[in-house]
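These protein sequence lines map, in sequence, to chains A and F.
Reminder that position 412 of the first sequence reads as 412 in my numbering, one-by-one numbering, no gaps.
If you want my numbering, it's the 1-based position in the second sequence plus 1000.
Just so you know, these hints were derived from the structure itself, not from any lab.
The structure displayed is predicted, hence computed values, not measured ones.
Careful, some of the hints might be misleading.
In silico DSBU-like pairs for lysine-lysine, Cα to Cα no more than 35 Å straight-line [claimed, not checked]: (1) A:56 with F:1365; (2) F:1180 with A:278; (3) F:1136 with F:1180; (4) F:1365 with A:66.
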Amino acid sequence: MTTMTDPPKASFRLSMLLYDTRYRSNTIQVVVLIGFMLGVGWLLNNVVENMAASGKTFNYGFLGDKSGYDINQRLLEYSSQSTHLRAAVIGLINTLLVAVMGCLLATFIGVIVGVLRLSHNWIISRLAAVYVEIFRNVPVLLWILLIMGVVSDSLPQPKDFRGENATATMSLGDSVAITNRGIYVPEPLFERGLGDVPVLGNSFEVSLDLMLILAVLFTGLFISSKIGKRANAIQAETGVRPTVWWQRLGIVAIPVLITLYALGFYLGYPELKGFNFKGGTYLRSSLIALWLALSLYTGAFIAEIVRAGINAISKGQSEAAAALGLRPGRTMNLIILPQAMRVIIPPLISQFLNLTKNSSLAVAVGYMDITATLGGITLNQTGRELETILLLMACYLAISLSVSAVMNAYNERTQLKER
Amino acid sequence: MSDNSVSYVRTEMLSEQSPPSTDVGVVGWLRNNLFPDVFSSILSIIALIAVYMILSVLIPWVFGGVWNANSQWECREVLEEIHGELVDRACWGVIHERFWQLMYGFFPNDIYWRPNLALVVLFAAIAPVLFNGLPKQMFIISIAFPFVAPWLLWGGPVWGPVVAFLGFVVGIVVHKIAAKAFGSLTGIILGVLSAFVWWIFFASMVSSGLSHAIGASRMPTEAARIEAALPVQQAEVDRLQSIADPIAAKVEELEAAIKVAKDAGEPYAELLTTKAPIKIALGSAVATLSREIGDLKDMKRRLAQVNSLEADEARLIDLIAEAEAARAKVPAAVADIFNPREINEDTMTKEDIALLKVALRAEDKRNIVQNAISTLYKDVGLVGLRPVGSRDFGGFMLAILLGITGIVLSLPIGIVLALGRQSDLLIVKTLCVGFIEFIRGVPLITLLFVASVLLGLFLPKGTEFDIILRVMIMITVFASAYMAEVIRGGLAALPTGQYEAADALGLDYWQAQRLIIMPQALKISIPSIVSNFIGLFKDTTLVSIIALSDPIGWVKLIQGNSEWSSVVWELYGFVAFVFFLFCFSMSRYSMYLERKLQTGH
């Protein structure tokens, strides 16, 4: 700012704020800032006046009150005696659960369909195109409702499993029951379990068994990757790749199996008791419908992204790979996909974020995500619209911003370093 | 040259042999496209079987459906009779009966032409943007569209749009004058300010003043006019009654015949399918009739009001005096309270509250009479279209309306936000980035919650406008953030040379934007704007969650009737099909545009 250190004091006039390009941008910024402040102040003033008129105050004290409603799909302990805060946390975890499951399945579907759409097989590529067009061009809310309809209409009721001449049977050797209320799967149980440890002042319980298994698993994976790196180094040096897959498999699998045996691992099968299944864990039909609908819908978009990414790689690349004698599968894995990833990742991130945001439509099928708990029942029970909706938005904003920050960092790492 | 004999030299080319029969025709195509190798063949066969299995269920269900039925039970009866047993086929009767509601909601059926015309005007308005070589005068429609379309949809006096348009005229005139006198920036600020002053303070005054004046001038003859019109309207009602009665008789006759056939155990499916369209016709005849009867009642009420107008106006003067007297008695401590909800029994004395309540009651009485009189003047002075309330908007009309308003209004806001995000001014840039990222970071449903429960909190006390307008505001806010990103993409795609060339020509920022940058950037962005619109159009279905009656909301309304309570697939399938038609054709169109607008190499 050399112009500011030695201003031509004598010649400065007020009109220069408008007409001198040195000052004009600052003037505009100050005017915009003042205008913005005035606007925000006006809105806040309205809020304060309106809340005073209706006798409300702005505070989050209600989060500590008893919620009084039940949440039927949950990963943590919760009852109607719990607080609104805990209901919101359960909802947030449910949102994250369906978002993560959805992102995984959508990527899986999207990559497969995207590759199939480029297949030379006429009917396969046409089918992939039909799938993409049908799912992309119908609103996701309709898909959620339709798939919820399929799940609750066409799947057998729990009572169909009963009696001598049951119309429905459990699948996978009597271990999984697929009903219109949800899917019952076996749950892992431990005879000699280590129990749970409360954290954060008794608010959550962490299963020590799970922690132990995860620790063993990750140690195994870490050592396995070291072995892989050593094999790569040997290959680079001598040209001969030592066969290490059995070492890698063993170092991951054996310790985990030993741990499981030591803990006395067994599966608790779901059983029909009375009118419903007991035992096992269970995914509610609303979660399944939401998960499938979001995955299929977003999968169609991801398929297009994958197709565009693969098409963006010049044909010379695959011809060069063919000239080197690589088989088509290896060409795709080693040559095309790694390069296509650079094109694919940025739009993929935005699809993941879209899926997360679309998961808020859970409220249409009664899945208790954060929109349904905090923005639905809690809002209606406490009548604190401003607080709940602000908190709701803040949660989604935090998810969106952190996902895009992580993904952007990854994106930066994989981008080609250009001049 | 010795003649040592090449025994045979071919002097002409061999004619081409036809390719092997396995490489051409149907067989060749099948070999190349479906069965080139083992793996692919297996996939093809699996795919073909899957397609067959899906279609063998879907096609009979869709095309064997029942169109003529008035309820789910009739559907089942017809199917049972045709097939001898109950088979699973679509019951399209629900679409047949409720088609217009799914399309227009509760919008009055005699004025469907208004939204249709608005749509036609929209196409005429965007035509100059999409097609080259249209006459320049077409832009007049583009300019008129934002004023004409709301008027067509909501109705009201004809000067509503004119007065709104005058705001722009005032702004531009003030800008022209002020720019000459005080310089361009001051000119812009003054122009914008004066336009807003016009809209906020003068527009409604002029509009209601005109209505009142015309109402006053018509009032002396109004009673005679209504009295003359009453017999005509009565005749119309009678005529409609005489049309509806035979239809009702016919329906009753058919229902009796059905009952007889049912009791006798004879087939009656044919009677059911004959009855269905007649009953639907009866429904619309009854709807028209009840509307005309409603109009007749309105006219009679209006006549009574007009006749008692003088007495009412005299009474109003008394009431005003009473209210003023009561207000004067209110003690100073509570004198500034005009809303009964603000009475606080803890802080006020009982006498104060009693006096205040007297004053409030008197004011209430005065307001009721005052409102009735001014409404009468407004109604009598209406020159224009019959007003329609937002609550009556529904079905696909609502979805299209929300989608188009969102995109149209978000375009200018999006351009400003995109320019702000690109600008060097730190504060402007931070504000724009903050807004865009905030809106893009939260789901639309939370913004709709804001529209339904929170927006009133942010506006001055007493401002109330209906839910559709609030939803429109939030959808516009939502769409603007996405639009800004689309336009930023267009701006980024322009080569830097364009900016530098504009600078070199000595154009200032706005001139460069207007003449060089924006025309190119917008052209590049058109396909993305269309796909943005498709996304927004699909997202309008979310308004059903806050209980607006868009197509999905209507599906729930229809399922609320016992006649159609268990009809699920037909309704959702139909809505999905219509959405697919709209979105698929638009996406194809945007691909076509992309190719057409490609001026690169």
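Inset, instruction - Go through the numbered hints given earlier and state which of them the structure violates, listing their numbers in rising order. - result: Hint check: 2, 4 fail, others pass.
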